[in-house]
Amino acid sequence: MIKSKESKKTILFWGDIFCFYMSLWAALFLRYLEPITLKTFKENLLPFSAVYILWAIIFYIAGFYDIESKISWSIVSIAKTLIIGGVLAIIIFYFFPFLGITPKRILIFNIAIASVFVWAWRNIFFSIATEIDKIKISILGESKEKNSLIKYIRQKPYLGYEFTNKLEEANIILAPAEIKDNPEIVNTLYQMVLSGKTIFSFENFYESLTGKVPISMIDEKWFLENLTEINKQMMEKIKRFVDIFLASLFFIFLILIYLPVAIAIKLNSPGPVLYRQKRVGKNGRIFELIKFRSMTDEPESEREKWKKPNAKNRRITSVGNFLRKTRIDELPQLWNILKGDISFIGPRPERPEIVEELKKIVPHYSMRHIIKPGLTGWSQIHFSDASAEDAMEKLQYDLFYIKNRSALLDTAIFLKTIMVALQTSGK
0 MIKSKESKKT
10 ILFWGDIFCF
20 YMSLWAALFL
30 RYLEPITLKT
40 FKENLLPFSA
50 VYILWAIIFY
60 IAGFYDIESK
70 ISWSIVSIAK
80 TLIIGGVLAI
90 IIFYFFPFLG
100 ITPKRILIFN
110 IAIASVFVWA
120 WRNIFFSIAT
130 EIDKIKISIL
140 GESKEKNSLI
150 KYIRQKPYLG
160 YEFTNKLEEA
170 NIILAPAEIK
180 DNPEIVNTLY
190 QMVLSGKTIF
200 SFENFYESLT
210 GKVPISMIDE
220 KWFLENLTEI
230 NKQMMEKIKR
240 FVDIFLASLF
250 FIFLILIYLP
260 VAIAIKLNSP
270 GPVLYRQKRV
280 GKNGRIFELI
290 KFRSMTDEPE
300 SEREKWKKPN
310 AKNRRITSVG
320 NFLRKTRIDE
330 LPQLWNILKG
340 DISFIGPRPE
350 RPEIVEELKK
360 IVPHYSMRHI
370 IKPGLTGWSQ
380 IHFSDASAED
390 AMEKLQYDLF
400 YIKNRSALLD
410 TAIFLKTIMV
420 ALQTSGK
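Reminder that position 89 of the sequence shown reads as 88 in numbering that gives the first Met the number 0, one-by-one numbering, no gaps.
Read the hints as simulated data drawn from the structure, not as lab findings.
Don't take each hint at face value.
PhoX-like mimics (lysine-lysine), calculated; alpha carbons at most 20 Å apart, straight line [as the list claims (entries may be wrong)]:
#1 338 - 324
#2 236 - 402
#3 281 - 338
#4 196 - 133
#5 265 - 324
#6 145 - 133
#7 8 - 415
#8 150 - 133
#9 103 - 79
#10 324 - 415
#11 165 - 133
#12 7 - 133
#13 236 - 179
#14 145 - 179
Given these sequences and hints, build the entire structure.
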């Protein structure tokens with residue numbers, strides 16, 4: 000399963016690189032309107048190779064190699080991402096003159112042509128990936144997650160999987176953990192292995208494919224086996240150091256913009272500059288989360304309490320709307336990070352009254368509080384801040400992060416959050 004997914008990512012990556020270089024050749028032709036000599040191409044090859052490495056990194060950060068999610072790969076989204084890469088390329092060319100060239104029109108042509116080439120390549124790739132022979136999967140037992148996984152596979156045919164109810168047709172059989180308690184079924188699965196079938200844990204397959212933990216299929220034993228916090232102690236110390244270092248750097252920027260933002264908030268509507276709200280932190284500790292105020296001081300209705308933070312709300316001011324779109328309203332939380340209330344990366348903290356209600360309806364909800372909450376997190380880059388109805392879905396992402404958190408995963412979340420902010424701030 001993993002091999003198939005990784006091979007597709009590799010093919011997609013090298014296809015993008017090929018498109019970048021082909022677009023360079025086309026851009027040079029448009030620039031000079033004559034056949035490109037090998038000498039001209041070589042002069043541009045090394046500098047633009049540095050740019051293409053940067054573009055590939057930006058593609059990764061933006062999620063363009065997340066085969067499972069297949070974000071909107073329209074020509075517009077590709078072009079927007081390459082424009083961000085183009086701005087960084089300009090910095091490379093103008094601040095590192097030893098590269099020998101300072102292209103302007105070539106870079107513009109390159110971005111435009113690469114957008115078309117990459118868009119066409121990805122459409123061809125996913126058309127082929129959808130039509131090729133698929134790995135047939137059968138799932139034992141009945142559960143909400145089984146139906147969810149079947150729907151997920153059918154919605155994403157390019158993943159290369161196809162569901163079948165017939166065990167004899169399946170290449171892979173997914174077995175839930177509870178099957179281990181049934182000797183007869185275990186023996187049947189053993190015989191299937193002898194006949195060439197591959198048996199996977201349903202829970203592990205679901206987790207690796209979707210980036211979520213199947214919450215209704217796990218029990219206390221799962222937490223005992225998977226959440227070994229003692230193994231994370233060194234990582235947590237390093238993470239705390241990084242939190243303090245980065246928050247201190249960004250805090251300088253907060254100090255610089257504080258006065259103009261405060262004046263804008265005050266002129267726009269009466270009330271304090273900063274908004275404080277009680278949230279639940281690690282081990283259930285209550286703390287005050289700080290933001291720039293983006294709404295009026297009118298009382299909050301019960302319905303608004305459960306709204307997504309970025310959903311339309313009649314109380315949001317015009318200045319507040321700008322602060323939210325640009326994420327500037329979040330900057331005062333740097334103080335919460337410095338104090339140790341939250342980290343840069345972790346589950347988003349909820350209000351105490353909401354937590355109490357969710358604990359009654361969502362199994363194992365309190366487990367998200369065994370680590371510090373965060374400014375951004377795994378669930379935020381996959382799933383918008385949830386309403387009460389979506390809390391179960393959000394928790395599945397949170398548990399995946401808690402189980403698999405690492406310096407590499409934190410870095411990926413941090414970079415992808417920056418990319419999402421850059422892509423959406425202008426909307």
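Could you grab the alpha-carbon distance between residue 145 and residue 133 and see if it respects the 20 Å cut-off? The given pair, whose Cα atoms are some 19 Å apart, holds under the 20 Å limit.
Could you grab the alpha-carbon distance between residue 265 and residue 324 and see if it respects the 20 Å cut-off? holds (19 Å)
What's the verdict on residue 236 and residue 402, does the C-alpha distance respect the 20 Å limit or exceed it? Within the cut-off at roughly 17 Å; holds.
Holds or violated: residue 196 to residue 133, with C-alpha atoms at most 20 Å apart: holds (15 Å)
Just to be careful, I want the Cα atoms of residue 8 and residue 415 compared with a cutoff of 20 Å; is the pair within it? holds (17 Å)
Between residue 150 and residue 133, does the CA-CA distance stay at or below 20 Å? holds (16 Å)
Mind checking the alpha carbons of residue 324 and residue 415 for me, to see if they're no more than 20 Å apart? Distance of about 16 Å is within 20 Å: holds.
Restraint check for residue 236 with residue 179, where alpha carbons must lie at most 20 Å apart: Measuring from Cα to Cα gives roughly 38 Å; hence the hint is violated.
Can you confirm whether the C-alpha distance between residue 281 and residue 338 stays at or below 20 Å? holds (13 Å)
So if I understand the rule, the pair passes when the alpha-carbon distance is 20 Å or less; does residue 7 with residue 133 pass? holds (13 Å)
Going straight from one Cα to the other, do residue 338 and residue 324 come out at no more than 20 Å? Between residue 338 and residue 324 the Cα gap is close to 26 Å, so the pair fails against 20 Å, i.e. violated.
Would the pair residue 145 and residue 179 pass a check requiring their Cα atoms to be no farther apart than 20 Å? holds (18 Å)
The structure fails hints 1, 13 (numbered hints given earlier, in ascending order).
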